[in-house]
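Position chain F against the provided structure of chain Y, taking the given hints into account.
Same order as they appear, the protein sequences are chains Y and F.
Heads up, the final residue of the first sequence is numbered 197 in my numbering, and it's a clean run with no missing numbers.
Heads up, the final residue of the second sequence is numbered 512 in my numbering, and it's a clean run with no missing numbers.
No lab work stands behind these hints: they were computed from the structure.
Note that the Cβ used here is the ideal one computed from N, Cα and C, for glycine as well.
Among the hints, a few may not be true.
Reference listing, derived: stretches of chain Y covered by chain F, where coverage requires no fewer than 3 residues with Cβ under 8 Å from a Cβ of chain F [claimed, not checked]:
1) 19–31
2) 39–48
3) 62–76
4) 123–129
5) 141–153
Below, simulated DSS-like cross-link-like pairs (lysine-lysine); rule was C-alpha separation at most 25 Å, straight line [what the hints assert, rightly or not]:
6) Y/K123 with Y/K49
7) Y/K25 with F/K274
8) Y/K191 with Y/K127
9) F/K42 with Y/K191
10) Y/K64 with Y/K159
11) F/K417 with F/K510
12) F/K473 with Y/K23
13) F/K42 with Y/K159
14) F/K62 with Y/K64
15) F/K456 with F/K491
16) F/K510 with Y/K95
17) F/K473 with Y/K25
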Amino acid sequence: MDHYTLVKDCLKGKMAAQRQLYDLFASPMLSVCYRYTKSTADAEDVLQEGFVKVFFNLHQYRFQGELGAWIRRIMVTTAINYLKRNARYQSELVFPDEHLHAVDNQSDPEVKMEAKELADLIRQLPPGYQTIFNLYAVEGFNHVEIGKILGIQESTSRSQYARARALLIQWIEQNNNAVKRNVYAK
Amino acid sequence: MPNEFEKQVQQMMGELKLVPSEPVWQKVEMQIRKKKDRRRLILWISFLILLLSGGLWIGIDHYSNRLSYNDSNNEAKDNFNKTSVQNSPATPKKINDKRNTGSANTITGKLKQPIEKANKVTGTKNTNIGFDEKLVPQKKLTQKVSRQKENLVEEKKEVAVTVEENEMPPKAEEVIVRLPVEKLKQVESDPRINTPAEMMTAFKPDSEKIKPAISNPDSIKKDTSAIKKTDIKKYAASKWKLNLVATSGLSGLSRLDFTSVFGGLKSMDALYQSAPGSVTNPGVTYYGPSPIKKGLSFSIGASAQKQLSKRLVFSAGLQYNYYSNSILVGNKIRRDTVFRYAYSVSQYFTNNSASTSLQLERYHNHYHFISLPLTIDWQMFKKFPLSLHTGFSVQQMIQTDALTFDYNAQAYYHNNKAFNKTLVFTEYGFNYSIPFAKHSLVLGPEFQYSLSALEKNNSAHHLFSYGLKAQLQFKKK
Numbered sequence: 012m013d014h015y016t017l018v019k020d021c022l023k024g025k026m027a028a029q030r031q032l033y034d035l036f037a038s039p040m041l042s043v044c045y046r047y048t049k050s051t052a053d054a055e056d057v058l059q060e061g062f063v064k065v066f067f068n069l070h071q072y073r074f075q076g077e078l079g080a081w082i083r084r085i086m087v088t089t090a091i092n093y094l095k096r097n098a099r100y101q102s103e104l105v106f107p108d109e110h111l112h113a114v115d116n117q118s119d120p121e122v123k124m125e126a127k128e129l130a131d132l133i134r135q136l137p138p139g140y141q142t143i144f145n146l147y148a149v150e151g152f153n154h155v156e157i158g159k160i161l162g163i164q165e166s167t168s169r170s171q172y173a174r175a176r177a178l179l180i181q182w183i184e185q186n187n188n189a190v191k192r193n194v195y196a197k
Numbered sequence: 036m037p038n039e040f041e042k043q044v045q046q047m048m049g050e051l052k053l054v055p056s057e058p059v060w061q062k063v064e065m066q067i068r069k070k071k072d073r074r075r076l077i078l079w080i081s082f083l084i085l086l087l088s089g090g091l092w093i094g095i096d097h098y099s100n101r102l103s104y105n106d107s108n109n110e111a112k113d114n115f116n117k118t119s120v121q122n123s124p125a126t127p128k129k130i131n132d133k134r135n136t137g138s139a140n141t142i143t144g145k146l147k148q149p150i151e152k153a154n155k156v157t158g159t160k161n162t163n164i165g166f167d168e169k170l171v172p173q174k175k176l177t178q179k180v181s182r183q184k185e186n187l188v189e190e191k192k193e194v195a196v197t198v199e200e201n202e203m204p205p206k207a208e209e210v211i212v213r214l215p216v217e218k219l220k221q222v223e224s225d226p227r228i229n230t231p232a233e234m235m236t237a238f239k240p241d242s243e244k245i246k247p248a249i250s251n252p253d254s255i256k257k258d259t260s261a262i263k264k265t266d267i268k269k270y271a272a273s274k275w276k277l278n279l280v281a282t283s284g285l286s287g288l289s290r291l292d293f294t295s296v297f298g299g300l301k302s303m304d305a306l307y308q309s310a311p312g313s314v315t316n317p318g319v320t321y322y323g324p325s326p327i328k329k330g331l332s333f334s335i336g337a338s339a340q341k342q343l344s345k346r347l348v349f350s351a352g353l354q355y356n357y358y359s360n361s362i363l364v365g366n367k368i369r370r371d372t373v374f375r376y377a378y379s380v381s382q383y384f385t386n387n388s389a390s391t392s393l394q395l396e397r398y399h400n401h402y403h404f405i406s407l408p409l410t411i412d413w414q415m416f417k418k419f420p421l422s423l424h425t426g427f428s429v430q431q432m433i434q435t436d437a438l439t440f441d442y443n444a445q446a447y448y449h450n451n452k453a454f455n456k457t458l459v460f461t462e463y464g465f466n467y468s469i470p471f472a473k474h475s476l477v478l479g480p481e482f483q484y485s486l487s488a489l490e491k492n493n494s495a496h497h498l499f500s501y502g503l504k505a506q507l508q509f510k511k512k
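This is chain Y alone, in the form it adopts within the complex (with noise of 0.2 Å):
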């Protein structure tokens, strides 16, 4: 079924419709979710609070742009909103401007992982470098639109994903030298 008919349908409150959507979009928004969050109850409370969005503001949808890329606005917006009002996440979500010390410029290394094993050391990452870091080199925003969207400076959003990019890539070092390792010791 196209996408327009799907949303029409929806719209109308059909039932099957609206478990279509869901199962659509389901996967791959909980992954969105998850990257987010540090648990998968989290994950699923965000995708949960995102998908009720999805249906009671589906008459908003003008069919400009996929329906996958609307959801996923939805859901990175819950997202953010969830971690702001969690007090699990709350007294970690800060975004300092004190002047970081600089990074070095590292060269990029190659991602020998699973797509999970990534996602897990993301969310490793204090969850102010976690969310910077997803909004920037995931979802594509840039530091202006980032600032506005966590009420933060520009200069900080650029130094705290240049201080969380610097953590990943060494984890992501790490983690390669031990699968050389692993294959050396074979």
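Okay, now just chain F, sitting in the frame of chain Y:
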């Protein structure tokens, strides 16, 4: 600018697929159903509140419509001349009946507006009202109306008003192909007419004959008729939609006397025009009917709507209408009296000035109707959702406590038989459509005027009302 590392990360995260557990969907579904039910509940509660407010208003108004000593005497002194006292055959007695101590300037508590504020519109305006809703069953509505003549000989008359829900305009193709047979034979036998173009020209009146500059009028005609057929079929297939309607405003009685405009006999009211409430004959002063002050009016009901064309919508409905106004009446006299047409009453209100203790009170007339409105809405602009609203409604009076004035006795009394129970109203207004959740909210001013006179013996009094209308159009989900 994302470099290789970011591109890798993006690509890998795009490939990541995780499967949510089944309870997630169940919770989503539950939330959707809950919110939908909540919205429906809010809508019904709003209408219930409107209905209750109206009922409360009527109840309070009725309760306060008892005589009491009040301060409206000052108003009476300003309006009425007390120059002479006639030896009236009916001297009003002082009545020591129980009265409320409340003021006769009745409760004017503010009635809650039917729709207090329209919801904020998010996103672009949705003027598509859709054609998918099938709402009412395909049955005829009929209404029997009975009338009684004013004199003691009762005469029942049945009037059937039938409203067909699937009434459609005549199809375009029927109009196009309906050619006069005689003319057709004449054209066929005419040796000068050989081509279809010449035949088409022959059927047109002279003023409409197409100039030969058109190369192929047959194809143009076919295209136009094809387009018309498509449009007609499209709108003929459009379904009825349900609306909930509520109106709130003011109502009154007009004292326009159309007979005097055309040089006919003037109504009794017209005799009092020079000095409101009084007319002077040599040696005698009368008190006439009181000035009529406007009162609250409201209506509530439902209607079924059908799209006739791109900009034309037809509606048929069923409503409850309430009108009111107020007058100043004198002392209440409890005595068996016979008024005009041998109508006997046990009590009445005198406006006769013979008694120096005449005290005027405000009395509220209430009228309750059930109405069948038939209206047309015409969207005036292509892209702007503003429509001109016009139509008729047949209204049947179900209850009234209004008073009738007797010019001979200068008194007000109850006489339900004095009123025309079935009235025909015209209505005019404007409608502006606003998207409201998944439905449409229509707001606009409305004016109603009764073409029929309210009272059988007074052609001048016509009910009218004006106010704000709110209409909720349900769209198929």
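Those earlier numbered hints the structure runs against, lowest number first: The structure conflicts with hint 16 only, although it agrees with all the remaining ones.
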